[in-house]
Every structure is written in C-alpha cells, then in structure tokens.
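Asker: Single-letter residue listing:
Number of protein chains: 2
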Amino acid sequence: MAGTLESVESCLERHIPPEELAEVKRILYGGEARKLSLPAAALSAAQERDFELQGYGFDAEPEQLRRPRIVRVGLIQNKIALPTDTAVSVQVAALHRRIAEIVEVAAKSGVNIVCFQEAWTMPFAFCTREKLPWTEFAESAEDGPTTKFCQELAKKYNMVVISPILERDETHGGTLWNTAVVISSSGAVLGKSRKNHIPRVGDFNESTYYMEGNTGHPVFQTQFGTIAVNICYGRHHPLNWLMFSMNGAEIIFNPSATVGKLSESMWPIEARNAAIANHCFTCPINRVGMEYYKNAFTSGDGGKAHHDLGYFYGSSYVAAPDGSRTPGLSRGRDGLLVVEMDLNLCRQVSDKWNFKMTGRYEMYADKLTEAVQPCFVPNIIKERASH
Amino acid sequence: MAGTLESVESCLERHIPPEELAEVKRILYGGEARKLSLPAAALSAAQERDFELQGYGFDAEPEQLRRPRIVRVGLIQNKIALPTDTAVSVQVAALHRRIAEIVEVAAKSGVNIVCFQEAWTMPFAFCTREKLPWTEFAESAEDGPTTKFCQELAKKYNMVVISPILERDETHGGTLWNTAVVISSSGAVLGKSRKNHIPRVGDFNESTYYMEGNTGHPVFQTQFGTIAVNICYGRHHPLNWLMFSMNGAEIIFNPSATVGKLSESMWPIEARNAAIANHCFTCPINRVGMEYYKNAFTSGDGGKAHHDLGYFYGSSYVAAPDGSRTPGLSRGRDGLLVVEMDLNLCRQVSDKWNFKMTGRYEMYADKLTEAVQPCFVPNIIKERASH
Chain A
1 MAGTLESVES CLERHIPPEE LAEVKRILYG GEARKLSLPA AALSAAQERD
51 FELQGYGFDA EPEQLRRPRI VRVGLIQNKI ALPTDTAVSV QVAALHRRIA
101 EIVEVAAKSG VNIVCFQEAW TMPFAFCTRE KLPWTEFAES AEDGPTTKFC
151 QELAKKYNMV VISPILERDE THGGTLWNTA VVISSSGAVL GKSRKNHIPR
201 VGDFNESTYY MEGNTGHPVF QTQFGTIAVN ICYGRHHPLN WLMFSMNGAE
251 IIFNPSATVG KLSESMWPIE ARNAAIANHC FTCPINRVGM EYYKNAFTSG
301 DGGKAHHDLG YFYGSSYVAA PDGSRTPGLS RGRDGLLVVE MDLNLCRQVS
351 DKWNFKMTGR YEMYADKLTE AVQPCFVPNI IKERASH
Chain B
1 MAGTLESVES CLERHIPPEE LAEVKRILYG GEARKLSLPA AALSAAQERD
51 FELQGYGFDA EPEQLRRPRI VRVGLIQNKI ALPTDTAVSV QVAALHRRIA
101 EIVEVAAKSG VNIVCFQEAW TMPFAFCTRE KLPWTEFAES AEDGPTTKFC
151 QELAKKYNMV VISPILERDE THGGTLWNTA VVISSSGAVL GKSRKNHIPR
201 VGDFNESTYY MEGNTGHPVF QTQFGTIAVN ICYGRHHPLN WLMFSMNGAE
251 IIFNPSATVG KLSESMWPIE ARNAAIANHC FTCPINRVGM EYYKNAFTSG
301 DGGKAHHDLG YFYGSSYVAA PDGSRTPGLS RGRDGLLVVE MDLNLCRQVS
351 DKWNFKMTGR YEMYADKLTE AVQPCFVPNI IKERASH
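As you go down the protein sequences, you meet chains A and B in turn.
Using the working numbering, read the first sequence as starting at 1 and increasing by one per residue.
Using the working numbering, read the second sequence as starting at 1 and increasing by one per residue.
Please keep in mind that the hints were generated in silico from the structure rather than gathered at the bench.
Glycine included, C-beta positions come from ideal geometry on N, C-alpha and C.
It is possible that some hints are incorrect.
[What the hints assert, rightly or not] Taking beta-carbon pairs under 10 angstroms as the criterion, some of the chain B residues facing chain A (in silico):
id, residue
1, GLY31
2, GLY323
3, CYS375
Model the full structure from these sequences, guided by the hints.
Answerer: Below is the structure:
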C-alpha cells in the first residue's frame, strides 16, 4: 500500500504556517503554482467517476512578435481496472472504458494533448517473467484496437493522444517493443517513439520482453505544440532528454510505471532536472495501486516468493523550464492533472540561462566518442611517486 | 537578505508530526540521514567561532572482497570577512584566517577532504564588470599565496584541500581562469580543474573576465578517494557531470556562488540529479550573505542601479548515488558540513541501476556529433498535408 500520506504537498499545506509555507514552496517547488479554474461539469464528473482532478497554469512574459502559445496538457494516472487473471480482452476493454471516462473530463477541461501511463492497457506484468498471457496484450502501433480507440478519442475531442502500449511489430518478426503511439488531433497516427533505455533493476525484468528502442528521438509537431515521449526508465538518462530537446521538443512526456521502494525519492528530481537542463516542460506520469499475480515470483533479493511488485505511487506532475513545478497528483488515487502552459516560456528561459549556447556540445561529442572506445583511458591524475 | 527561513529542512522538523515527517523525508530526501557524532571540542570550537557544524553519514552494504572505503568530506560555506572596499591583500588575509579556523574544526571532526566555495578568497565581484581591483585577487594556481596557504593546511592536517580561486595564468599571456586547485594530503599540488561552462545570466557577468575552461574533466586519485570538481554553473550541464563520472570520479564537488532570486528552487535538484544519474556522491557548496559594492551597477532588467547581487543562500549539502541526501546547511550562516561516506555505495548502486551499462553512449556520441553540425536537421515529424 502507498501508506497514509496522500502526497507531500498536501502534508505541507496542512502543517506549515502560511508565511513559512510560501517560502518553503518557493524553495522546494519554485513558488505557488497558479490554480486553474476548471468547469463545474468537469469537477462533478471527476467526483462521480472517483478520480482526482487538479488544474494548474504556467505563464510567460508577453512578447512583441509572438503571441502567447497556450496549450493544456492532461496527464492521466490510474490503477488497473480488473484483476490480472481476468481474460486479456476483458481487461483491455475495462481499461478502455476507464480511460474514455477520464478523457471525457479532460475534454471538458479544455485539454489539447493527453498522455496515458506506460503500457496503459495492461498490468505491469514484466516482474513475472512469464510470457503468456502478458505478451497477448501487445498490439500493432499502427492499427491495433487500442490505436483505433485512441484515434476515435482524438477526433471526437480534437485532442492529441499519446498512447503508450506494448507493441507487436509484425513487420519485423513479430518483435515486441515498449512504444508510445502519437495520434494527431485529426485522428491520424503521427508516429511512434520506442523506449530507448530498458531497465534491469529490481523486479523490472523488461529486458526479458523487449529491446532498446530503435526510433531515436523523434519529435512530433502537433497542432498544439512540439512534443516528445521519453518512456519511463529513459527518465534516468540525461542524454535521452537532451536529444529530444535538441530535436526541438517543448514538452516531453514521461509515461512511467515505478514503485515506492525503488524510486520514490528520485521521482521529484529527475524529470524536473530535465525541464531545467533543457529549457522545456516535462510531464512524468506514474500509475497507482497494487497489481497481484496468481503465480508467485522472486525478486533476487533473498526474500520469499510473492505476488506483487509493490505499490505504484502515482504523484504525476508537470515541471517547467524555469525550475518550478506543479504539486503532484495523489500517491494512491486515479487522477487527471490538467496543466495550462504558455510554450513561449521555453525560449524565454533559454535566452535567460543559455544552457544550449554554453553547452559545448562539440567537446562532449568528441569526449563521448573517445569514452566509448574499448581503449579509452580515463583522465585520472595520480600523485607522483616522488612525493 | 535570506529572509526568516533558516532552512526548509529545519522548518519541516518544527511543524510536521513525527509519523508523517518520516514519510515526507523518505520521499523528499530519500530518508533520514544518519547523524554523525562529532567531538565535543569540534562542536564547542564551532560555536565559539560562530559557524554551524553539522555531520551526517551514508552507509553501504558489506562486501566480501572490498573493505568499506570510508571517507569524511568537509564542505565550507562562508560570508566574505571584510567589506569589499577593504584593501585586496587585507581581504585575502582575513579570508585565509577565517578558513583556517574552520579547517581546524574540520580536522578535529576527522575530515579527509575539504572543499571551499567558488572564488573563496574574494567577493563575487563579477557583477560589477569592473576590472580593478577585482582582477587583483587572481593568483597562480601552482604557487600563489593561497595555494601555499592551502598546502600548509593539507600537510598539517593530512587533508586533501580543494581550493577554488580566480587564477592568473602567467604562462599563457596572463589570462584569467576560474579554477579549482586540488592539493594532496601530502601538500603537493595534484593539479587543477577549470570551470567548463561560463554563465551569462542575471548579474553573473563572468564571461567578461574569463573563458570556458580548457582542462577537460580531470579526476584526481587521492589517498581518500577519486574526486573531481565541477565548478558552479557547470552544475546545470548534465554532460559535464557525466564526463567527470566517465573518468572515474566517485565524489564530485560543486563549489558555487549563486543567489536566491535566480536559482534557489533549482539548487536542490541539479546536483542531486547528477548523483543519481552518475552513481556518485555530489557536494554542492554555496556562499552566504550579501556583498555590497561602492559603485552601483545595473542588471539589464530595467531596474535601478544598485550595490549588491542579492543574497547568497548557502544550503550546501551532499547527495548520494542512491537518491538520498543530507539536510542542507543554513541559508544564512557560515558553516561546515561533515559527511562520512562509504565509497563502496557508488558501485553498489551502479550494479543495481546500471545507468552506465544501459546508457547507449555510442548512440549519443553519434547523435551529438550530428547535432552540432551547421547542417543538422532535427528529427521532427509533421502531419502530412493530406490529413
């Protein structure tokens, strides 16, 4: 279980006196995020459907030559809808229904780009190392039932949909990939972005199922902004964020599945650092809840065989290029985070801090090229023996 | 002024009930840092000399083939000792005296490697854009008076000393550099590491005084551990941290000078992200207090000419490779942070998370090499006109 703490942010709100709270928020979160006023119909629908709905906004300075480029993104975090031993097709259908009712509220809230969590149509069953039935959740990125479902949503709501699924690639030997499908607001499949870095940590036995992605760092120019998708463990790799940014991404989504014991203290750091380092918005999303498996598995830690991976702690948030961030969604409930942003902030912060200009990438291209050679000799300075 | 908040950490301690506090600390800081028990003589000397003294420890698992590699680092943050219009040599002498009395306490506290703040012998006068008298603070890294002073400290206490100064390089046309001199516990100058990335942000007009460093990413193998120095603004550049780590650094110091309005919400993020991403310890140090200049200067922000850069907020801390960190020193007082660490933790965390193994550096070396070409075409996917 995620324990009793709903979120760090709500705990600070409850206990710290207002005058100190403002300072704490300034230092910890870059200030008080502006609250969005969301339509009553959206708020009541969220309550009825039992999910949290929060809205925040990031502003930019007015410019002379560019209008504000306002976009609303929606981040959805959710539990699986049915037990993991339910028939595959029934589980998928239940998740489609759940997401459809949350996306409807996103539309009411004015969301332009929505992103679901990693492998959102399935339990995160890679801990089991079993192939069946879990690989049956894999679908074609181009025309699988989930992509078709998302295309309908996109057209219905004029919304860009990012749908991270387990992909079956029939044109390349039926291989599996961990893939985000990006669907334009017109309903067209714009393209896909495969997970670039695959974990071998704890129970995240994903390397048993699929390989490092081969789609590079594509950036998608949508009606609402230039976006990219850095899937889950790619969050830990600063170079992965950097290359999405080099290709022009202003918003980088990070659909994830990660558990409390492993990564909860790293979660507030990494995506936010990426927003700062790359002068862009980042949107980390984590699922919530516990997922139980019929067959026990071990964790390579000397512990007993068990039936779950631990709790997914939610806490989805948005980080801005200026070092600020929104509060996170809760650690245990389904939720929709609606964040309005003026994309002009990216270039404004870039012109202020100049990390791209001062980045000395030529030097690093050379140094990395050297460092990966088998004959690489690290630059280590030792004390001379004479001393 | 730094305001009324001594530090975020002390504010949380005061207001949040114990059972919730433990959870908050786990999520925000990776848990409760182990407190070091420091000698009474050190604690009383610190009190007498009016500086904060805090001690924490990070542990690692026992291994069969390696003994624990325990090292104690000391981070010193301080105000300037005299007004900025005092004679240069008098200011330097006063700072030498102040540091000597803090280092003596570091020695009593068992510190093996001590690091001072950026350009520690001078006010951070680059905001003024005046050349005299500020460039007179520059010294030879190899045999300047400050290096000699540090060599004496090193020998006296068997301590590695990292001394970040404004360097005058007489053998290359008398150029200036922002340089950390690394002095072995034997008293020998092991080498130097120049600031790789130079800011052009706010009042940090350092590019008026010196250029991007040309010493690369040297790592120093000392008696107590393999260390590197990433100076100040290099903190914002993930590739800078990465190359120090690629060369084998287990502890990366980050002597800095940065002010509240500019960077305080980024401070807890960047060095900590670097510790996580590179499986090493990072040690960011920031000076404290206000520094007033006789001649007013403007800030390029439409505001009135004024006499200070704003307040330096201290808050020096140590981040560990496992995502945890110590509390910070205070936001306004001189201080010494003593942190004991078992360097075996670096490889243990690396073997757990495998960021180096999964980093795909060959791919990034190629991609960066492409990205820096004038003819680089970003990988942007647009909707086809037919839709």
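Asker: Just pull the numbers of the violated hints for me, sorted ascending.
Answerer: 3
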